[in-house]
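Please build the complete structure, drawing on both the sequences and the hints.
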Amino acid sequence: MNKHFLGDTTVLLGRSLRHITRSPDTIITTAIMPIAMMLMFVYVFGGAIRTGSGTSYVNYMLPGILLITVASGIAYTAYRLFMDMKGGIFERFQSMPTARSSVLWAHVLTSLVANLVSLVVVTLVALLMGFRSSAGVPAWLAVAGILVLFTLALTWIAVIPGLSAKTMEGASAFSYPLIFLPFLSSAFVPTDTMPTILRVFAENQPVTSIVNAIRALFAGRPVGDDIWIALAWCAGILAVAYAFAMTTYRRKIS
Amino acid sequence: MTTQQSPAIQVHGLEKSYKDLHVLRGVSFEVARGSIFALLGSNGAGKTTAVKILSTLLKPDAGTARVNGFDVATQAADVRESISLTGQFAAVDEILSGRENLVLVARLRHLKDPGGVADDLLRRFSLTEAGGRKVATYSGGMRRRLDIAMSLIGDPPVIFLDEPTTGLDPQARIEVWQAVKELAAGGTTVLLTTQYLDEAEQLADRIAILHEGRILVNGTLAELKQLLPPAKVEYVEKQPTLEDVFLSLVAAKA
Chain A
1 MNKHFLGDTT VLLGRSLRHI TRSPDTIITT AIMPIAMMLM FVYVFGGAIR TGSGTSYVNY
61 MLPGILLITV ASGIAYTAYR LFMDMKGGIF ERFQSMPTAR SSVLWAHVLT SLVANLVSLV
121 VVTLVALLMG FRSSAGVPAW LAVAGILVLF TLALTWIAVI PGLSAKTMEG ASAFSYPLIF
181 LPFLSSAFVP TDTMPTILRV FAENQPVTSI VNAIRALFAG RPVGDDIWIA LAWCAGILAV
241 AYAFAMTTYR RKIS
Chain B
1 MTTQQSPAIQ VHGLEKSYKD LHVLRGVSFE VARGSIFALL GSNGAGKTTA VKILSTLLKP
61 DAGTARVNGF DVATQAADVR ESISLTGQFA AVDEILSGRE NLVLVARLRH LKDPGGVADD
121 LLRRFSLTEA GGRKVATYSG GMRRRLDIAM SLIGDPPVIF LDEPTTGLDP QARIEVWQAV
181 KELAAGGTTV LLTTQYLDEA EQLADRIAIL HEGRILVNGT LAELKQLLPP AKVEYVEKQP
241 TLEDVFLSLV AAKA
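Taken in order, these protein sequences are the chains called A and B. For what it's worth, the working numbering labels the leading residue of the first sequence as 1, then goes sequentially. For what it's worth, the working numbering labels the leading residue of the second sequence as 1, then goes sequentially.
No lab work stands behind these hints: they were computed from the structure. Accuracy of the hints is not assured; some may be wrong.
As the list claims (entries may be wrong) - Straight-line Cα separation of at most 30 Å, DSS-like style, residue types lysine-lysine; simulated pairs:
| hint | chain 1 | residue 1 | chain 2 | residue 2 |
| --- | --- | --- | --- | --- |
| 1 | B | K59 | B | K19 |
| 2 | B | K52 | A | K86 |
| 3 | B | K238 | A | K166 |
What the hints assert, rightly or not - If you only want the chain B side, here are some residues facing chain A, beta carbon under 10 Å, derived:
| hint | residue |
| --- | --- |
| 4 | V79 |
| 5 | R80 |
| 6 | S82 |
| 7 | V105 |
Claimed, not checked - Each pair of labels, with its calculated beta carbon distance range:
| hint | chain 1 | residue 1 | chain 2 | residue 2 | range |
| --- | --- | --- | --- | --- | --- |
| 8 | A | A235 | B | K19 | 33 to 39 Å |
| 9 | B | D61 | A | D192 | 57 to 63 Å |
| 10 | B | K19 | A | I49 | 52 to 58 Å |
| 11 | A | T10 | B | E15 | 38 to 44 Å |
| 12 | B | R133 | A | F180 | 37 to 43 Å |
| 13 | A | R250 | B | G187 | 33 to 39 Å |
| 14 | B | D169 | A | L124 | 46 to 52 Å |
| 15 | B | T137 | A | R221 | 31 to 37 Å |
| 16 | B | D20 | A | E169 | 25 to 31 Å |
Glycine included, every Cβ here is placed at the ideal spot set by N, Cα and C.
Structure (structure tokens):
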């Protein structure tokens, strides 16, 4: 590892965090869509949805909303990276005696910070809407850990279009299917009533195990196998996305 | 350093293709220390590709290149310590202020007093007043000046300027020329690419004409002029050019 890696990453992280504090709209737009969904699901559809879980609907659906928050937040990571590529500042950094991978890591860490802020905002709104959790500190830490891992995994996915997209729209379009994925899971309704094909997909896609694990942690229930399946999914996606992102990156700089 | 006596840039038999497109077909030239060398050519001649290879952003398919005595392929990190690249489009951070841009680069070059370096350059490039403003509010000329100022941080012995005046108004152009001349006077080696004949004529100690991936001629302005039949004596009434008119009118206003 380059001896300047940590220092350079810190400097570049400071730069992109400043971008966020100077255009806080990126955090607001990231948080507003999930909050609007939450309002709609809880106050419009929620009364008619029978989850059979014996808990309030806002408690039931918050884990899914949190995942949607991350999925929409990482679109900005791709956008910021794309703008650096397009503006030539990426090349400037790459032609300087810096640790080269610092440029990528600074964007990844910025994504983590921005998404965590959005997640806190969404959770606070959920508390106002009546979300209550009996989780203790260890369970909250576990939830935070899962969300951090999930954010990292999705962020490295976002790096790929950020580096390779030709247009701004192309850089962020990849996030739409990711935002949509929680709807085909146990995030908003139990999977039992879905037609067989859909149910098989819903029960075996990553979002369901992640949502179930977070829901169980919030409710103070035993998490069972879900947490391990969830962690395995996150780690797997992270590893594959990281490998593809690095391949794309090396192709860009050689 | 033992490299002090050798040419600042030595390029030999450089070739580069993008798929079927043969951009460089065996380019060779040398640039003496402290001189200004112009790579003159129309769009698509391969100028930018050559600069990217010399600044370690691209790998050549064949041939060798040494910058400040270091091989671009095997000693890329040393090359990056020795150079600075000002790309075709001003690679500045729009969201940061001019001063913050300079501080950022000074930090990434691991200099001791980033703030002092920044203030000094703002003064040299008449940007002190604008230093605290977001770069997004700058004019094209100011942006380019900031861009070049960023390239000077750390006093790299070799500077690449890729079409430094493309898209600038006549005044801004003259400002950039002035900055380049001062650089060379201070002992910095400058390689610039341009499609403007008068720019090469004004600035360069040596000019190489790059056409379809090959160097057609390489020499001083006087040598290049000798390639054509000797000058005829003609009597022409000396009219002011439109540029003379424009500049005197604008200067009178200011």
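Results of checking the hints against the structure:
Distance hint between K59(B) and K19(B) is fulfilled; the C-alpha atoms sit about 14 Å from each other, no more than 30 Å. Using a Cα cut-off of 30 Å, the hinted pair K52(B) and K86(A) holds, with the two alpha carbons roughly 15 Å apart. The hinted pair formed by K238(B) and K166(A) fails the criterion: a straight-line CA distance of about 50 Å is larger than 30 Å. The beta carbon of V79(B) is positioned within 10 Å of a beta carbon in chain A (closest approach about 9 Å), and the interface hint is therefore held.
Among the interface hints, the one on R80(B) holds; its C-beta lies about 5 Å from the nearest C-beta in chain A, closer than the 10 Å criterion. Taken as an interface hint, S82(B) checks out: its beta carbon lies about 9 Å from the nearest beta carbon of chain A, inside 10 Å. Interface hint at V105(B): satisfied, since its Cβ lies 7 Å from the closest Cβ of chain A, which is below the 10 Å cut-off. About 37 Å separates the C-beta atoms of A235(A) and K19(B), a value consistent with the hinted range of 33 to 39 Å.
The beta-carbon spacing between D61(B) and D192(A), approximately 60 Å, falls within the hinted interval of 57 to 63 Å. Roughly 54 Å separates the CB atoms of K19(B) and I49(A), a value that falls within the hinted 52 to 58 Å. The hinted range of 38 to 44 Å is satisfied by T10(A) and E15(B), whose Cβ atoms lie roughly 40 Å apart. Checked against the hint of 37 to 43 Å, the C-beta distance between R133(B) and F180(A) comes to roughly 42 Å, which is consistent with it.
For R250(A) paired with G187(B), a C-beta distance near 36 Å keeps the hint of 33 to 39 Å intact. Take D169(B) and L124(A): their Cβ atoms lie about 51 Å apart, and the range 46 to 52 Å holds. Evaluation of the 31 to 37 Å hint for T137(B) and R221(A) yields a failure: the beta carbon distance comes to about 55 Å. Take D20(B) and E169(A): their Cβ atoms lie about 28 Å apart, and the range 25 to 31 Å holds.
Going through the hint list in order, the structure does not satisfy hints 3 and 15.
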